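> Knowing the structure of chain A, use the given hints to seat chain B with the ligands on it.
As they're listed, the protein sequences go chains A and B. Be aware that the first sequence starts at 24, since it is given in the numbering used here, and climbs by one per residue. Be aware that the second sequence starts at 98, since it is given in the numbering used here, and climbs by one per residue.
Mixed in with the good hints there might be a few duds.
Unchecked claim - Using 20 Å as the maximum straight-line C-alpha spacing, the simulated DMTMM-like pairs for lysine to aspartate or glutamate come out as follows: (1) B:Lys121 x A:Glu141; (2) B:Lys134 x A:Asp115; (3) B:Lys344 x A:Asp115; (4) A:Lys166 x B:Asp321; (5) A:Lys88 x A:Asp66.
As the list claims (entries may be wrong) - Far from chain B by the CB rule (all over 12 Å, computed), these chain A residues: (6) Gly31; (7) Arg37; (8) Ala51; (9) Arg78.
Calculated directly from the structure, the hints in this document are not laboratory data. Computed from a predicted model, the values in this text were never measured in an experiment. Quick reminder that beta carbons are idealized off the backbone N, C-alpha and C, glycines included.
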Amino acid sequence: MVEPAQGGAWPRYRDDEVAEQPSVTLDAFLDQSNAGAVRLEPDDDARRLIPHLGRLSLIEIAFPKYRDGRGYSSARILREAGYIGELRAQGDVLVDQIAFMRRCGFDSFAPEGSLNPEAVERALAVYPHAYQGAADGAQAIWKLRHG
Amino acid sequence: MYKYDNYDQAMVDARVAEFRDQVKRRLAGEMTEDQFKPLRLMNGLYLQLHAYMLRVAIPYGTLDSRQMRMLAHIARKYDRDYGHFTTRQNIQYNWIKLEECGDLLEELASVEMHAIQTSGNCIRNISSDQYAGAAADEVTDPRPWAELLRQWSTFHPEFSYLPRKFKIAVIASPEDRAAMRLHDIGLELVKKDGELGARVFVGGGMGRTPMIAPEINSFVKADDLLSYIEACLRVYNRYGRRDNIYKARIKILVHEIGADAYRAQVEEEFAHVKALGIDPPLAELERIAVFFDLPEPIQSEVRHSREGGDPSPDHSIDAIVQEIDSRLRGGDDWGAFETWVKQNVKPHKAPGYAIVNISLKPIGGIPGDASSSQMEVMADLAEKYGFDELRVTHAQNIVLPHVAKRDLYTVWQALSEAGLANANLDLISDIIACPGLDYCSLANARSIPVAQKISKRFGNLDRQRDLGELKLKISGCINACGHHHAGHIGILGVDRKGVENYQLTFGGSGAQDVSIGKIIGPGFDEDGVVDAVEKATEVYTRLREGEERFIDTYRRVGLEPFKEAIYG
Ligand code: HEM
Ligand code: SF4
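Only chain A is shown next, with the shape it has when bound in the complex (with noise of 0.2 Å):
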């Protein structure tokens, strides 16, 4: 993992280089339009976005409120349908919830408020094994057990 910088988004957890553009709103970005990168509010309906996957780069997904989950099933619908573009997790992001995004798909942060890279890191390692299938292709414990 690389230290903060990167157009300010920061953990992030992938290789390529991180998207210029400013992101537009979904109504922009069905509207018109040849941007690459999209942000998402809570209320917005990720499914839409689903025909244009492939010529985005960037999806941001706004957490207005670290307690408003929408989110959460934004990212895994759209990584479901297959994106492979980035993700990112924008907003009141604190560092409880940097594991559950990484499962729910995400994998670049741009939080509000700072967040110190050791707790990230004790945060990601906390547990050991995942209980359920998601996004981030852990192995569930149900299938460790059934090999």
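For chain B with the ligands alone, kept in the frame of chain A given last:
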């Protein structure tokens, strides 16, 4: 009983280590209370009126003697020598010190217990039928399914910041002993063409807008279940209301868009989720189910009675009484023992066994409270006479599910000595009550003293038994932790211009005849509500016909005669 393997243990241990670290940072001032709050809530730790309260999960209400002893030990070492069994089959401790939480959770983890997801807007402890495995009317033991759901819902990455908390109940009998349709999701396991599956009900709940869950699917196959529930949750997570905490439960979503529209959305999501491969193979359910196999002596008896050509063994309580050693009949205590058997003992699926209910509702006591030494007595009895199993019921009582009939008398004697032989199961003094204003920071009124007064007013057991089954439930505010909506008689504490006031509701039920009680009229003060309850029981005894229970009479004659007597 389910036993953790290395994976399960590693997950719980990881949680303890994480929380210990969080507490340390909080105590060192590296975190504010505001930052700490969501973290402690994920570990069942609430800040209440006087102290921290810790809620420990008892998955589907099942535990063994070692675990019960640990609960006793924790009450003794970290609390004031008692614990409070809750309506969600959990236990709460009311006087916990933050500094000691890490040690406490570590001790719990040593007996495969935890406080994970006992609070917060996530999927809570899965509840179930307290007679699971022992009930004659079940199609299968529901607990392996509940355990499958427990594992799937534990640290679920997508559903840990839901609009609101989420409660699931699983039953497998036509008789509903778990208030299944008053949960966010209720599952009733059924057999169709020889195959087991689940009827799925979504959108029940209590609180300020009580609702009975409508059926969303009449049969979901075992190996589709997790995908289906995941679809149910995803629709809720995306579209459940987040603008108003009082409208955030799934019941409001299902009600606002309608069961048909909700079902259609779930079906669509399910078609998609099913392709992800998140359902474990049936082998996983089978692996879990083995842990819940009946103890061998009971199994062979069940087999024997099936093969033995006795097509309908007499499962009645009278039959149990008949079978009890006749030498006991002459004794001074026979009457008390016989009453207890008739009231608190239920038929078991194996002829030589019975289900023992231990009422935590002594006359004038605090419903659901048990002292450390009482917990130890129950643990000892379970170990000696009950194949090492105990259950917690949603009515805040304890069950020994597998007791040989020949041991009933010995068990009863030991319970009597410990003040645990209250023969009032399902009677008017078997009250469900929330902690209310004595502990809870949200309360409008006290619940415990009202419960105590009613229990004393009806202290005479013959009078109670004459009134028969009468479920009385008390909540100290509209959150309805005390299930008052589901009480044959419900009592709700409200605040009227700064004075504690109690509203009465009649006609609720959390059983298979599920219904929501209705407010009967203006409220009462504490003594007034006790008087009103008494008047209602008098109307009942005057008007009842045949074997009618209070609620049957109420349903037949309606509110008027009761109103007249109470307000007249
Ligand atoms: C000493 C304090 C408290 C006690 C002993 C208590 C007890 C309970 C119990 C036993 C239940 C059912 C079990 C469960 O949800 O796991 C419950 C439900 C509930 N609790 Fe509490 N509670 C307390 C404080 C609180 C607090 C702090 C809140 C909110 C922040 C709260 C809000 C509710 C609500 C809304 C329900 C409704 C249940 C439903 O609709 O499903 N309670 N409470
Ligand atoms: S019903 Fe109200 S008073 Fe009673 S425990 Fe729940 S929140 Fe507290």
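> For the pair we were handed, Lys121 of chain B and Glu141 of chain A, check the Cα-Cα distance against 20 Å.
Holds: Lys121 of chain B and Glu141 of chain A sit about 16 Å apart, inside 20 Å.
> Check the hint pairing Lys166 of chain A with Asp321 of chain B against an upper bound of 20 Å on the C-alpha distance.
Holds, at roughly 16 Å.
> Beyond 12 Å on every Cβ pair: is that true for Arg78 of chain A relative to chain B?
Its Cβ never comes within 12 Å of chain B, the nearest being 22 Å, so this holds.
> So if I understand the rule, the pair passes when the alpha-carbon distance is 20 Å or less; does Lys134 of chain B with Asp115 of chain A pass?
Holds, at roughly 16 Å.
> Are the Cα positions of Lys344 of chain B and Asp115 of chain A separated by 20 Å at most?
Roughly 23 Å separates the two Cα atoms, so the pair is violated.
> Test the statement that Ala51 of chain A is away from the interface with chain B: the closest C-beta pair must be farther apart than 12 Å.
22 Å, holds
> Check the non-interface label on Arg37 of chain A: least C-beta distance to chain B beyond 12 Å or not.
19 Å, holds
> If I take the minimum Cβ distance from Gly31 of chain A to any residue of chain B, is it greater than 12 Å?
23 Å, holds
> Between Lys88 of chain A and Asp66 of chain A, does the CA-CA distance stay at or below 20 Å?
Within the cut-off at roughly 13 Å; holds.
Of the numbered hints given earlier, the model fails hint 3 alone.
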